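Got chain A; can you put chain B on it based on the hints?
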Amino acid sequence: MLVLTRKIDESIVIGDDIVIKVVSVEDGKVKLGISAPKDMSIHRHEVYRSIQEENREAVVNKEISIKDLDSILKVKKTSEDD
Amino acid sequence: MKIDTKHFGEIEFEEKDIISFCRGLLGFEEIKRYILINNEDTGGVFKWLQAVDRPDLAFVVMNPYCILDDFEFDIPDGVVEKLGIEKPEDVVVFTIVVVPEDISKMTTNLKAPVIVNSANNKAEQVVLEDDRYNLKHPVAQSLKDAG
Chain A
0 MLVLTRKIDE SIVIGDDIVI KVVSVEDGKV KLGISAPKDM SIHRHEVYRS IQEENREAVV
60 NKEISIKDLD SILKVKKTSE DD
Chain B
0 MKIDTKHFGE IEFEEKDIIS FCRGLLGFEE IKRYILINNE DTGGVFKWLQ AVDRPDLAFV
60 VMNPYCILDD FEFDIPDGVV EKLGIEKPED VVVFTIVVVP EDISKMTTNL KAPVIVNSAN
120 NKAEQVVLED DRYNLKHPVA QSLKDAG
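Residue numbers (numbering that gives the first Met the number 0), protein chains in the order written: chain A, 0 to 81; chain B, 0 to 146.
Just chain A, with the same shape it has in the complex (with noise of 0.2 angstroms):
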């Protein structure tokens, strides 16, 4: 891993088009803004891999009776009768 040092308002460029300048350093936080192309997509880290592993999670690997999700629609059917 490469390791940089920059102050408030330097920058780093990674490729032909993609910056990203230290904003602000405050109380053990560091604000970024980043210019890169619009088709590029950015995350925070943790929540990407949040991401990735709720989709992991939702992966089918059992029966699921489309029925029985549809008996969750019935009770709120029901409820609306009540």
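To be clear, the hints were calculated from the coordinates, so they are not data collected in a lab. This structure is a prediction, so every number in the text was calculated from the model and none was measured. Just to be clear, a hint being listed does not mean it is correct.
Calculated cross-link-like contacts (lysine-lysine; reagent style PhoX-like; alpha-carbon spacing at most 25 angstroms) [as the list claims (entries may be wrong)]:
#	chain 1	residue 1	chain 2	residue 2
1	B	81	A	61
2	B	135	A	61
3	B	5	B	31
Coordinates of chain B only, in the frame set by chain A:
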């Protein structure tokens, strides 16, 4: 085209039915072609998202507007461009559902909805920077609340 799926047996579909992800679902980035399988019984709320190239890979997805009619977010410009979205009415949104043993506890991921441009069937899972929506939004509870 036909595939022999693990959960649904052999299914037949046409090339034009394939939903193509520019970048696959997070965690499944390399898997880019899926088809949506409808369940007529549920009035279109739940569908199956079946991977075309992985017969064993399927997800349950749902129409989030059935539980949250004011679900709203901006589609990032980059995604609008990537999917070639020209008209708002072409946009279809679905969310991925986790179905645990106790199905009354199923949740759906409102933090990362899947956007489909129905005009060309290109899709992408977007990550919302909006704290109102979370990864594990309870489905059954919301359905009751909505009712």
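Do the hints match the structure? See the list:
1. Proximity of residue 81 of chain B to residue 61 of chain A is assessed by CA-CA distance (about 34 angstroms); at most 25 angstroms being required, the pair is judged violated.
2. Restraint check for residue 135 of chain B and residue 61 of chain A: the C-alpha separation of about 20 angstroms stays at or below 25 angstroms, so the hint holds.
3. Note on residue 5 of chain B and residue 31 of chain B: the hinted pairing holds, with a Cα-Cα distance of about 18 angstroms set against a maximum of 25 angstroms.
The structure fails hint 1 only (numbered hints given earlier).
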